[in-house]
Amino acid sequence: MPAFVWMTVLTALRILRRNRLRAGLTMLGIVIGVGAVIAMVGIGEGAKRAVQAQISTMGTNVIIIWPGATTVSGVRGSQGGAVTLTVADALDLKKKIPLLAETGWAKRDVMQIVNGNRNWNGPISGISPSYLTIRDWSFSSGGPFTQMDLDSAARVALVGQTIVDNLFDEGEEPVGVVIRIKNVPFRVVGVLTPKGQSAQGSDQDDVIFIPFTTAERKVFGTLFLGSVGAMFASTDRAEDLPEAVEQIRDVLRARHRLQSEQNDDFTVKTQVDIGIVQEGTSQTLTIMLFSIASVSLLVGGIGIMNILLVSVTERTREIGVRMAVGAKRGHVLMQFLIEAMTLSLLGGMLGIVLGVIGAKLTTVVAGWPTIISTDVIFVAFVFSLAVGLFFGLYPAQKASRLNPIEALRYE
Amino acid sequence: MSSLIQCDSIWKRYRVGDVEVNALRGLSLTIEHGEFVAVMGASGSGKSTLLNILGCLDQPTDGQYRLDGIDVGKLGFDQLADIRNRQIGFVFQNFNLIPRTSALENAQLPLFYRGLPLNEQRGKAAAALKRVGLGGREHHFPTQLSGGQQQRVAIARALITAPSLLLADEPTGNLDTESSREIMTILDGLNREGITVILVTHEADIAAYAHREILLKDGQLLSDRATRRAPGAVEV
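Protein chains in written order, with our numbering: chain R, 1 to 411; chain L, 1 to 236.
Simulated from the structure, these hints should not be mistaken for lab results. Even for Gly, the Cβ is constructed at its ideal location relative to N, Cα and C. Please note: incorrect hints may appear among the correct ones.
Computed beta-carbon distance windows for the label pairs [stated by the list, open to error]:
# : chain 1 : residue 1 : chain 2 : residue 2 : range
1 : R       : TYR410    : L       : ASP78     : 17 to 23 Å
2 : L       : HIS202    : R       : LEU21     : 39 to 45 Å
3 : L       : ASN119    : R       : THR286    : 47 to 53 Å
4 : L       : PRO117    : R       : LEU385    : 24 to 30 Å
5 : R       : LEU13     : L       : ASP188    : 36 to 42 Å
6 : L       : ASN119    : R       : LEU13     : 31 to 37 Å
Straight-line distance between alpha carbons at most 30 Å, and here's what the computed DSBU-like set of lysine-lysine pairs gives [said to hold, decoys possible]:
#  : chain 1 : residue 1 : chain 2 : residue 2
7  : R       : LYS95     : R       : LYS107
8  : R       : LYS195    : R       : LYS94
9  : R       : LYS328    : L       : LYS74
10 : R       : LYS182    : R       : LYS107
11 : R       : LYS398    : L       : LYS74
12 : R       : LYS328    : L       : LYS124
13 : R       : LYS328    : L       : LYS217
Given only the sequences and the hints, what does the whole structure look like? Please build it.
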């Protein structure tokens, strides 16, 4: 059998070489289909990877809890407008829910910041030190503030790269410099490592972090001490997130003494909820790719079937001769199947080459990141083989069922 | 040892549109191992049909055909293919070589379907080509060969499996006198080596190479006689 397959492949290649133009045109459908899919999957994977990298800058396994909206005489305010969440809530969550690795809280406002003769309007966040861990912030110089700074309402600040760019001279070391936030002097103790744009497109580096207690007592002038703008929590494992969300909801409802018919006065979201949007986008892309691939492979396959039917007719006499000297039906069937698969596989391989070149070209010309995985190439390979097999079956069967006498007499 | 060919009142009916055609009408025939038989008759007499049935390309509608003792009528397509591959060699009027394929590959085709190792196929094919006087032309394509040479490639293809039966359907029909003589000399040589040769022709001088001449008319045996070349016949 191996000698048979080998010789049949050689025969198939010779027949294709003989009809180079015809073979090329036949393969074109598969070449374009596979090429387009490889290139688009490459671009799509590149984009997906970029989005995933962006999402992961939020921190890992993060849960965010916002206060609900105020309702004054039936008129609802904006989300987070109410002051229903407190530091005590956050501390209690940590105590009652062992699943949570960390809980933190923050409150933010936009304020003017001054350094010497420069000023900048940026968001100031009063945070608990745990917030830095949850959101996965690191430092390019200096370091975080501590629980002691929080307890003593110390006037220390952490600045993001955007603040550094706008408030400091080039080359100036921000750590140790005293800046003023709403006229209160703060000593910069750390510079945050840049995170770039968020998945929503906002600048994540335009931030100043100060201890929560300092913020509410000395900068924001909060009416209710202990009320927070948002709470944050994290779990060690991603699969614990849904369970943790349920438990947070239960604890908070109990603490807020909500009756069963009352709605939550807070909103709990996880990174997963935010990620789902992204997943939806890439799913649409995948469906689109799949349709393009199906249509082009279908068209390519029909092309192969068509040319094979022509070939069977042209070579009727040859089939008769082969049968006369002892070819069984299986031999003839295999011969045409192998020819079809050789065609589709060659087309597929050309398509893979074309697709990889196309993707690389996109990276060079448009600057989009592209990722070509071996998986995609393997799938394209298998699919082009399958197309040959599927669309070669009918012509091959037709050839194998010829009557040898009629085939030998065919003019 | 049974006769090589034993036909027992075989019929072959075709349907051409609404008309039923009887190509063979109860023909009985026995051919022994080693015979050299010429089948003659006008066109439509059923000689090609007979040859197809003898060659296991076709099966009788009625009657029994035993090849080397085996009732061929009971076999399926693939079993018949196996018999054609091992016991029968075909030579056609129009050579029927596979186009744009070298003489060597054409000759090795039956062994290819037998599934022999590639180098064994090539070795035997080269030997068969040498046997018909085409040594050195293994890699010529059919279009690069004369008619007589093409027919010799076809004979090499037929004898490569060392068949017991060689069927030739007007092998010289498309050839000039000189080439015809060469082909008939080769067939005669093969017969001397013990291969049974059955030859369909309508040329008397070609039929004269045979030892036995069968004349068909309307699907029936009209005459069956030994020729002058038959062993034991008196040279005139």
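Do the hints match the structure? See the list:
1. R:TYR410 to L:ASP78: 17 to 23 Å: Given about 22 Å between the Cβ atoms, the range holds.
2. L:HIS202 to R:LEU21: 39 to 45 Å: At roughly 44 Å between Cβ atoms, LEU21 (chain R) and HIS202 (chain L) fall inside 39 to 45 Å, so the hint holds.
3. L:ASN119 to R:THR286: 47 to 53 Å: With a Cβ separation near 50 Å, ASN119 (chain L) and THR286 (chain R) satisfy 47 to 53 Å, so the hint holds.
4. L:PRO117 to R:LEU385: 24 to 30 Å: 27 Å, holds
5. R:LEU13 to L:ASP188: 36 to 42 Å: 41 Å, holds
6. L:ASN119 to R:LEU13: 31 to 37 Å: Distance hint for ASN119 (chain L), LEU13 (chain R) is violated at roughly 20 Å.
7. R:LYS95 to R:LYS107: With a Cα-Cα distance of about 21 Å, the restraint between LYS95 (chain R) and LYS107 (chain R) holds, given a limit of 30 Å.
8. R:LYS195 to R:LYS94: 27 Å, holds
9. R:LYS328 to L:LYS74: Distance of about 17 Å is within 30 Å: holds.
10. R:LYS182 to R:LYS107: 16 Å, holds
11. R:LYS398 to L:LYS74: 24 Å, holds
12. R:LYS328 to L:LYS124: 22 Å, holds
13. R:LYS328 to L:LYS217: The given pair, whose Cα atoms are some 34 Å apart, is violated under the 30 Å limit.
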